Amino acid sequence: MSVRVFLLALWLPVTAWAQGYAGLGGSAEGFDTPDPDYVFSFPRDHGPHPSFRIEWWYLTANLTGADGQDYGVQWTLFRSALKPKEQEGWQSPQIWMGHAAITTPDQHFFDERLSRGGIGQAGVSAQPFEAWIDEWHMRGDNFDQLELSANSDTFSYDLQLSATGPLVFHGQKGYSVKSADGQASHYYSQPSYDVQGVLRLPSGDVTVTGNAWLDREWSSQPLASDQSGWDWFSLSLNDGHKLMAFRLRGGRGDFTAATWIYPDGTTATLPDGAAQFEVLDTDEVAGRNVPTRWRITLPARGIDVEVAAMNPQAWMGTRFEYWEGPVRVSGSHAGRGYLEMTGY
Amino acid sequence: MTATVIRTLLSHWRSHRLQLITLLTGIALATGLWSAVQAINTEARASYARASAQLALGQFDEIQNSDGFIPIETYVALRRDGWQVAAVLDGTLRIKGRSVRIMGVDMVSYPALPAVTEAEQSQAPPDPADILTDPGRLLMTADLAMLFDGAEGFPPVLTSTALPPDLVLTDIGVAERLLDRPGQISRLVILPDQPQGRTPLADLAPELLRSSPSAQTDTAQLTDSFHLNLAAFGLLSFAVGLFIVHGTVGLAFAQRRGIIRTLRALGVPMHRLIWLILTELVLLALIGGLIGLLIGFFLAGALLPDVAATLRGLYGAPVEGQLSLRPAWVASGLAMAVGGTLAASGHALWKLSQMPLLSGAGLQAWGNAAAHRVMGGVGLLLLVGAGLIYLSAQGLLAGFAMLGALLTGAALLLPLVLSALLAVLGRHAKGPISTWVWADMRAQLPGLSLALMALLLALAANIGVGTMVSSFRLTFLGWLDQRLTSELYFSAEDAEQAALITDWLNPQVDAILPIRNTELSHETGPLFLYGVVDDQTYREKWPLIARSPDAWDRVMQGEAILINEQLARRADLWPGDILHLTSLQSRVIAGVYSDYGNPTGQAIVSMRQLDVLAPDTPPALRFGIRLPEVRAAEMAQKLRDQFDLPTQAVIRQHALKAQSVAIFEKTFVVTSALNVLTLGVAGFAILTSLLTLWTQRLPQVAPVWALGLTRRHLAGLELLRSLLLAALTAVLALPLGLILAWVLLAVINVQAFGWRLPMFLFPGDWLRLFALTLVAAALAAALPALRLMRLPPVHLLRVFANER
Amino acid sequence: MLLTIDHVQKTYPGGRPVLKDVSLVLDHGQTLALTGESGSGKSTLLHLAAALDGFDGGEITLDGTPLSGLEDAGRAALRRQTLSLVFQQFNLIPSLTVAQNLSIHAQIAGRHDPEWEAHLAQHLGLGDLLDRFPENLSGGQQQRVAIGRAMATRPALLLADEPTGNLDETASATVLDLMLGLVADTGTALLLVTHSLDIAARLDRRAHLSGGQVT
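First to last, the sequence lines map onto chains D, L and R.
If you number the first sequence the way the numbering used here does, the last residue is 1677 and the count never jumps.
If you number the second sequence the way the numbering used here does, the last residue is 1475 and the count never jumps.
If you number the third sequence the way the numbering used here does, the last residue is 378 and the count never jumps.
With the rest of the complex left out, here is chain D (with noise of 0.2 Å):
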């Protein structure tokens, strides 16, 4: 037993997005509630907000290297707040989490840290943008030019992220309901950067390129009680357009929600129901039956597509742990993405 075990409670509340814990999903326990009227302002909405529960900096990018083969990357700093107020030092109750991985066909790296928030050790500045935590970091001088570095005892990589495209908004101008109660989340995206770099791995370095996606996401009553994980799709197609869909999993039923991007940024927000999701495969995955083939249609949109992830065995074993690999289009539509998978 360790004690990163026993720090796993304090992710109760990112767990509970991750893997619906029951009772927490509605109360927000003296921090602040996401805001149907909220307007965003930048950089500022790049940088924390503390006085909400938890918060993300989720990169993931798709890449080909010099060797024609596909890899994926991740990259994430979760915030996570211990109690709603703020302190300085190591008794600041901001935690910070790190998550990087590097995916090929047949192999999945991870690694992770953890700091306390208030020495320095960890946190994101919105102006120069930084989010950092040890020497893993993603910044620039703004938020279109990133360099973006993780590194573990096996394997790193440096990549530079240039956006080609402007932020896009999920949900109702970046209110993005998470159930039929009404739990909600602030969450925008810069799905659109071009990507080039060098991936280090056991057995060589490798020049990459390629694209990536950055969420944004902060609230503080992720889940409805019933919810218990959720499946997540962010997909670049070949024709220029974008998908990022979601399903919640729940007693009372799947709560999904989906926005479509044109190539040119703009969005349309699709409602409940409108894409259907249908699991046709499963692997056995770190002990469980992960799905890692999918069928996802979207009548409104013309689009039936195969989902199939890139390595079904891209499992995070992380303090809590959940699968996010990349993914293969197919179907009425070609292209790739991500897959993220949680609460199984």
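Some hints could be false.
If you anchor each label on the Cβ, the simulated ranges turn out as follows [stated by the list, open to error]:
{"#": "1", "chain 1": "R", "residue 1": "D169", "chain 2": "L", "residue 2": "V1465", "range": "47 to 55 Å"}
{"#": "2", "chain 1": "D", "residue 1": "Q1460", "chain 2": "L", "residue 2": "R869", "range": "26 to 34 Å"}
{"#": "3", "chain 1": "R", "residue 1": "D169", "chain 2": "L", "residue 2": "L1454", "range": "52 to 60 Å"}
{"#": "4", "chain 1": "D", "residue 1": "E1654", "chain 2": "L", "residue 2": "A1069", "range": "51 to 59 Å"}
These aren't lab readings, by the way, just hints derived from the structure by calculation.
In this text, all values refer to a predicted model and were calculated from it rather than measured experimentally.
Where is the CB? At the ideal position from N, CA and C, for every residue including glycine.
Dock chains L and R against chain D, hints included.
Below, chains L and R without anything else, positioned relative to chain D:
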């Protein structure tokens, strides 16, 4: 056949019950004292190991700052370079007059700690948020929690069974507030998995030192010498106990020679007899060993609380006062009993196996003049060896080897020396009876020599250890007088209160002496740097054992530094040498002062220099107050009333001295107890030897009786003889004991504690010991003498009838 | 032939030869007295016959077993099974009772026979002394216990070394009568060492040792 032989062999004990009891007692005493010491040592070491495991100490490399603490900025810089390190802030807190160790760890990154796991798995697990954020939580044993019961200004307490005594585990955020050391880190633990491509520590933070677990000064290392001391004592007791076994077994075998011979004549093969006797010895050893273990267990249980107190006081070592019964301890105790018994009886058994079937069944003295010369030769060689060790080798083990060689050598030499002494004394004898007495005494020597050797060892140990403790005590008391010069001492809660109090006091007293220090690290271990203000008190009283001219002037001018004896000896630094304090700062050593009662290095600079050398030293919270002694009591009360201070926050000099002396006395409780027990065992050895000799005495006494001496007269002579032999041995033990004391003070103490003590002589103690020896010898001789006096003449007559 | 002593020589280490060339025979049921001066080697010869000590030349054969090749265990077996000894010093076990002393040899030999031991005790006049310890017995009584102990194994050969040497005249006569009676009754062969010609005269044959030889 086997059953018959066993019955026959055992029938001997039925008619020699006292002998059996003596034998079992010898084995039991030897095993008991040895295993008591073992139990204490094992328990203490187990406590250290448990504490290390409970705090994850000694498993990982660590980083420390030779300049003192590591600033939080440096920690973040290391982290932001990729170094996976966990921050720890250690410190000591005084609460209700007791020192409590605070260990603050970054609960988010520090490795596995059983106490935290225990809390997590408890019935009502604490909310992690409560532990990590204000006010936080303190984890400690239930015992310690009682101390915190009702204490104000502390976070809520969680009790744990997985923590060492006297330690509070908490989050580093709580610890820096409790210890008033914001932003400070004592050490960084290097976690197992490190990412690639980190900047070398030397480039990133050259002031930081990385140390491997083995190099970290840990309790086990610090206390090694103490335990070695105890073990040596245990071994000495064991050896003395074995003298009893040797004597008794030798006698029993000699007495059974007739039986053995008859059994062989009746057709029992020799090898079968040897095996059966061996089995008998092992059985007796096991029985004696079990009794010994029982004695040892209770003895250890009785002594352990004092040992624990000593170790905590002396080294801050976490030892619990509870004894647990370990199978390994039982097994090793029994093995020592069997091994010791067989070793002590090996000679007798070997002689028995070599005994020709037809030799006489009579008793033989085991040991003769030729054997004594060989023993004497070996003894002389050992003494020379002891001298060589002293001249050539260093270290604690060499010191103990030297002691062992010295004691064994002297013991082996004893019979030869005694024999020579008796020969010289006997030359002046006048008259037939006197001549007979002296000659008979020499003839008796071989039988008594082992017991006298045991007595010599016990007496020498007693004199040596007694001299050491008393010298230490005397030195310590004198040192306390020098060191505790202020009439009053007070502790403030914080700097603000300290300032208020000193302002208020200033016009009313002669001087206020702040006690202010910080912890740095030196290559020899932790180094506590103290700052002092310039005051006559220090110049007049501070106990310097080595000094250069104008030592205090140079210290006060900021040029020089004073260091304690421990640091001086460990690092071999003396006045005129340079002490490197930090990576940038060093000072010339102006003097060395004696400093008893703590194992760590210390140094003194002027108060201004302290701020130069260690700018982050917390403000002084403890102060000494100089004022006329007559006003001390009144001032103490005024001070308490004025600032509403708790009673123990203001303490008078004599109370502090009394506390210190009490701790000192506790330190040597165990030593004294073992000392007395060893002497008791030696006394018992004399008794058994005399009782043994008694059976051989009749043939020697009978002719003298026949010549016209009364039995009363003979008994008186017997008593006198024992007294004389014991007295001679005691006289010989004195120089040996003094050499032993010198070795303890000048060699062992320096190695074990880091200080060398002056040796004082205590003739009064020797006289008391001498008298005690005579009383013991008289008591031991009284029983045989009484028997002789009451012996029916027919028994003496039978000697002639049985004479062959 | 029960006992054959054939040209036996024995020299003590560093000393003069005790037995130069001794030959003797003793058949089942025979009694033989061995006489000689003090130091003539008669006790030594008895010890050799009892397999208590080794010899330097010649051979001794006991009940068909040559002694020269035997180790301690083999000699011990002969002492258990074939012969018994009676010493001048009695050599009882002081810590055992008379009854225990009586049966000890038989028990060691594996021939414990309570009836026979009771008979011996009765015959030797020890019936009232069975619970006593040797130190409370007179010399004559002790030697009677020793004879009982020896005869309890029903040995083929009894070796007695001056059995009455430590006893007064009356006790001597009693002990000798009892021993010779028992030997005769049980058909035990007896080799008896004595310096007394009167005692020697009561046995079947006599041999005299002098100058290390039988004369």
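Practice problem: Enumerate the violated hints, using their earlier numbering and listing them in ascending order. | Solution: none
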